[in-house]
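These protein sequences, in sequence, are chains P and H. Each residue of the first sequence is one higher than the one before, counting from 1 in this note's numbering. Each residue of the second sequence is one higher than the one before, counting from 1 in this note's numbering.
These are computed hints drawn from the structure, not numbers from a lab. Please read all numbers here as calculations on a predicted model, not as lab measurements. Glycine included, each C-beta is placed from N, C-alpha and C at the ideal position. Worth double-checking, as some hints may not be accurate.
[To be verified] Derived Cβ-Cβ restraints for the label pairs, each shown as a range:
#1 P:Phe142 / H:Ile195: 28 to 36 Å
#2 H:Ala369 / P:Arg148: 51 to 59 Å
#3 P:Glu97 / H:Glu81: 24 to 32 Å
#4 P:Lys263 / H:Ile195: 44 to 52 Å
#5 P:Lys263 / H:Asp80: 35 to 43 Å
#6 P:Glu202 / H:Ile195: 25 to 33 Å
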Amino acid sequence: MADDLAKFFGNIRLHNDSGGLTMGFFDKIKSTIQTAVGTVSDALNIDRLREGLEKTRTSFVSRLKSILFAGRKIDAALLEEIEEILLTSDVGLQTTEKLIDRLKIRVRDEKLEDAQVITSVLKEEIERLLVSTPSGENDAIFTFGAERRPFVIMVIGVNGVGKTTTIGKMAHTYRQSGRKVIIGAADTFRAAANEQLEVWAERAGVEVIQQQQGADPAAVTFDTLKAAIARDSDVVIIDTAGRLHNKQGLMQELEKIGRVMKKVKPTAPDEVFLVLDATTGQNALQQAREFTKVAPITGLVLTKLDGTAKGGVVLAIADAMQLPVRFIGVGERIDDLQVFNAQAFVDAMFEDRASASDGEV
Amino acid sequence: MFESLSEKLEEALKKIRGQSKITEENVTDALAEVRRALLEADVNLGVVKSFIESVKEKSLGMEVKGNILPGQMMIKLIHDELVALMGTDKADVSFAPQAPTIIMVAGLQGSGKTTFCAKLAFQLKKKGRQPLLVACDIYRPAAVDQLKTLGAKMTLPVFSKDDAQPVDIASEALTYARKYGRDVVIVDTAGRLTIDEAMMQEVADLKSAIRPHEVLFVCDAMTGQDAVNTAQAFHERLELTGVILTKLDGDTRGGAALSIRSVLGKPIKFVGVGENIDQLEPFHPERIASRILGMGDIITLVEKAQSQIDEKEAARLEEKLKKNQFTFEDFLDQMRMIKKMGSLRDLLGMLPGMDKALRNVQIDERAFARVEAIVLSMTLEERRSPKLLNGSRRRRIALGSGTSIQDVNRLIKQFEDMQKMMKNMSRGKMAHLMGPQAAARR
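Here chain P stands alone, though its shape is the one from the complex (with noise of 0.2 Å):
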């Protein structure tokens, strides 16, 4: 019995060490795999995803617990704690409320008294806010199929939120996926905006499309557009002037861009990212709401939560406007752009790294 067992085994070592042909061919496989499981994670990466969150997280996690300490009973008192947390994490009214509300009825339908379980409580209930929405799709934007080449990103949002440094990171991630990225300059009206392009695009070593300050927005997305046919690239990214969104004429500039794309690329442009600055209060919503007039957004970026202690404003957009986020910035450095992960960010939310290195010990 034992001498079969080990014949057997020995076999499969002997046919493990001999099988040159069928181990070349799952080498293949399983190193095809760890190079792609490698650029995801490497897009997710969880640690730069925690430095980055740092001080949404310290502040967030460290109020949580300072409120819910042992042998607390839950009451109207905590909620409405828990509801100041919220609202000062910049989550809105409505988020607010509504998240409130399931807390509640949870408390009663589930007669939750202590205090120490509303953390996982919370933390299920804003995931169901953003998990469910259609975040969980960002593979999409990378792995587009041939017939979709050049995939054409157009990136807009208001003033001073980081277009332009978002766009020179996203090119960056484009070619580190071994795509070919040409960017066009169409932010035309800012003074230096193409200079400050250029720089980007040279860091990520990849082309940009441009004209001189003041021409046609669209003129250069249409000259981008054609250009990227004749060199045959993969991805197309134009940047767009900052405009608020209760300028008329500048969201109607906006429309007029998305008509020029479709003359070169009838289904262009197949992405359309508005870019949103994590530090703005409730008014990221009505700039969601406005720029939907004009331009079909298919997702956001969220730019510098690095910096703010609320990032917040992330699930009032989730919660209201059912668009997914795709990238958000958390650093300022050329790969500190990360595709968005509704998991990883909730976790990371409430993640309490005291109480996991106690673990440890």
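With chain P held as given, fit chain H onto it using these hints.
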């Protein structure tokens, strides 16, 4: 969904009617509505709490007088409180007794520092000063180029230096300013996060090296709850002398203004209201108060109207209205006057409650042009006595203006309705309509 705050307050205060005084019990709901409004406007929660407390104290025992609605009283009380909190002082740049005056500008990324520097320089230049712009943002790609481009547009010098640290750039700029007689030095710095210790240290070092007379914190008007913490962090390092609120031409309610003002106690010196170099205005607390409460910007509207409408012309029109001599010519004049004030959407947007309502309405600005064409296709005689307008004249006018007879008919009908309405309007009623304007003038 968006009722105006005054309506909500009216609702909340319903039960006060019939009672003579505002008491703790009957004001609770109203205060909850005020809290909501302030939070929706991004006023910091801490500030909201203390504000509500003080409004409550002041409102208790207030007498409810016969014909004034308690809601209106509350609104006035809240509005006045907001204005008082934000300071009645109209702060300007304070100049140093001995030139050059040094102004340092700091803030988060993307708040609009560089644009503000250029706007300020432009304004000072118009006032006869000799500003020098200094580019100390050595980090953001092309930030120096941006300032240089803006400087060139205004034909103002911009001091910059490659491969140098901000402290050295600024110090050399001061030497340059003294040598070439520039009397104001505006130092633009890089955007930085308050958690970035190295960068905060850098800006603090810069401050102690150049010893500015003004340290201005530039804040995006759309900032949320964190505005207070950010401003405080900058204040701790730099001892700010004032705050600049940018992007106020958006539709943000601007609660950050109130938060920062009440926590720092430093004046808001200017507000940025557009992308052009001349769109920098002094801060008006009463306007922001109206915005925060979602009450539109009636004062700006009135001011705009006043600057465009000739007093004599208005008096002449009123006289004509009274005598029922209002003609198509007057109609045309009036329309052109309104047009001068800006786009219809902008104007309507300033009216209380209209801003929200307008979001889903497409206003056809070209309708103006069509009406104008119709009136211009009339003969002078027809404009003066619209009774002449028979079928064949109407057809001619439609052809001449490129519109249809229906369009012409509609306009004439509207015009006649307007005449009728004005005839019915007594002088007393007119005065009532002009109420807010008259009040604002006083």
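Against the earlier hints, flag every one the structure doesn't satisfy and list their numbers going up. Checked against the structure, the hints that fail are numbers 2, 5, while the rest are satisfied.
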